[in-house]
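Here is how the chains run, residue by residue.
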Amino acid sequence: MQHKISENSLETNLFRNSLIVCIVAASLLLLHDLLLDFTVSDMILEIIGIAFAGLFLKLSKKTDEVEHQIPVFLGVLNILLVMAWYLNKCLGVGLVLDFLVVHIISIVLLSVRYRNKYLVLFTLMMAILFTVEFVNKDFYYISMQYRMAPVLSKTIMISITYIITTWVVLYLKNQYSQTIQVIMAQNFEINQKNETISNHNSNLEETVIKRTQDISDQKEKLLQYAFFNSHKVRAPLANILGAVSIIEESFEDLDLDERDLMLNIIKKESERLDSEVRSVQDIIHQTSDSFISEFNNSSSDEK
Amino acid sequence: MNHMKITAVDDDSTFLSILEMMFKKFKDVKLDAQFFSDSTHALEEVCNEQPDILFLDIFMPNMNGWEFLQHLEEKKVAVKVYMLSSSVDKNDQNRAKKYSIVQDFISKPLSYKTLKTVLNVN
Chain A
0 MQHKISENSL ETNLFRNSLI VCIVAASLLL LHDLLLDFTV SDMILEIIGI
50 AFAGLFLKLS KKTDEVEHQI PVFLGVLNIL LVMAWYLNKC LGVGLVLDFL
100 VVHIISIVLL SVRYRNKYLV LFTLMMAILF TVEFVNKDFY YISMQYRMAP
150 VLSKTIMISI TYIITTWVVL YLKNQYSQTI QVIMAQNFEI NQKNETISNH
200 NSNLEETVIK RTQDISDQKE KLLQYAFFNS HKVRAPLANI LGAVSIIEES
250 FEDLDLDERD LMLNIIKKES ERLDSEVRSV QDIIHQTSDS FISEFNNSSS
300 DEK
Chain B
0 MNHMKITAVD DDSTFLSILE MMFKKFKDVK LDAQFFSDST HALEEVCNEQ
50 PDILFLDIFM PNMNGWEFLQ HLEEKKVAVK VYMLSSSVDK NDQNRAKKYS
100 IVQDFISKPL SYKTLKTVLN VN
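One line per chain: the protein sequences are A and B, in this order.
First residue of the first sequence? That's 0 in numbering that gives the first Met the number 0, and the numbers climb one at a time after it.
First residue of the second sequence? That's 0 in numbering that gives the first Met the number 0, and the numbers climb one at a time after it.
Heads up, some of the hints might be wrong.
Unchecked claim - To spell it out: a stretch of chain A is covered by chain B in this simulated footprint if at least three of its residues, at any positions, have a beta carbon under 8 angstroms from a beta carbon of chain B; those stretches are:
(1) 200–211
(2) 260–274
Said to hold, decoys possible - Reference excerpt, derived from the structure (chain A facing chain B, CB under 10 angstroms, subset only):
(3) I182
(4) K231
(5) A237
To be verified - Derived lysine-lysine pairs resembling DSSO-like cross-links, with alpha carbons at most 30 angstroms apart:
(6) B:K29 to B:K75
(7) B:K23 to A:K266
(8) A:K266 to B:K115
Hints were generated in silico from the structure; no laboratory data involved.
Here a beta-carbon is modelled for each residue, glycine too, at the ideal position from N, C-alpha and C.
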């Protein structure tokens, strides 16, 4: 959620920066007109045009492609300038040459993606221009003889402004895209970690139950081993020690049969002890129930 | 000469043979010993014969030593019981102490010295 807000904030900043760049460009245009001693009516109409262009930019805020806003802005600006020129042509003021140069530069600099759209816009404007010229039967303003020096300087100014504006906006957009990519990568990583944590949480209870069961199983095996040690291993050992004790205490009193019996007991119980020790490992892996059952069964068999 | 009735119950026939051999060493006391490897049959005999001393193993098939003691207490058989087991588990020793008729818990092997003490002979 927080990252989504940051993304919106970045987009707002990008739009604001673009708008500032456009306003600066428009201000330079106005300053230029003022220095070249344009008529007041020319300047008023350009202000109106720039205001409309800014309004258009504002309305096009929802447009995702910021790059798209610049040619549109310049196109609208120039349409309005043509209108200004038409309305003031009776005063002998025109913007034909700079109008042409600006648009040709725009077409050259624009990316392929927007060039066709801009060409359509430019063709439309040129149609308007020549229609007006044709209706008035006056092609004087297309001639380069008209106010050559101020027109060239203004053309250069507008071109530079346009180039700077375009590159600044593209730079900002590039920064914006990189930031978005970083945020998206971080979002992806966070989502993955969240998913991992979520999985761990969901498996936690299961893990605890399993480990508790493992511990219980280990304890059970230890108890089995203790049981086995007491009853399976110590039983033959105790019999061996018992037989040895009899031989030690009363060897002289034992007849030959009794001595043989004791020796046989020692031998048989030693073999039994060896067998039981060897089977310790197997018994450890058995469950308690099956082990006790086996123990009882084996005891029955021995009888 | 003293006369003493002794019964030993253990599913390990080898141990019973050893015990029988040890009894033979006591010349000064007449021991009337009975040996059972089947605890169920032994219970009937103990109830009927009422021996002075009973050596009783714990873990046996069909009826274990604890069940044997339970029956003796229910039938109020007056006999001195010595638990005789290869177990070295403290839990078994503590459990044996809870029965009033149990005199002691002896872990195998049974030595002559211990047997003399139990039989109260020199």
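Indices of hints not satisfied (ascending)
Hints 1, 3 are the ones this structure does not satisfy, whereas the remaining hints hold.
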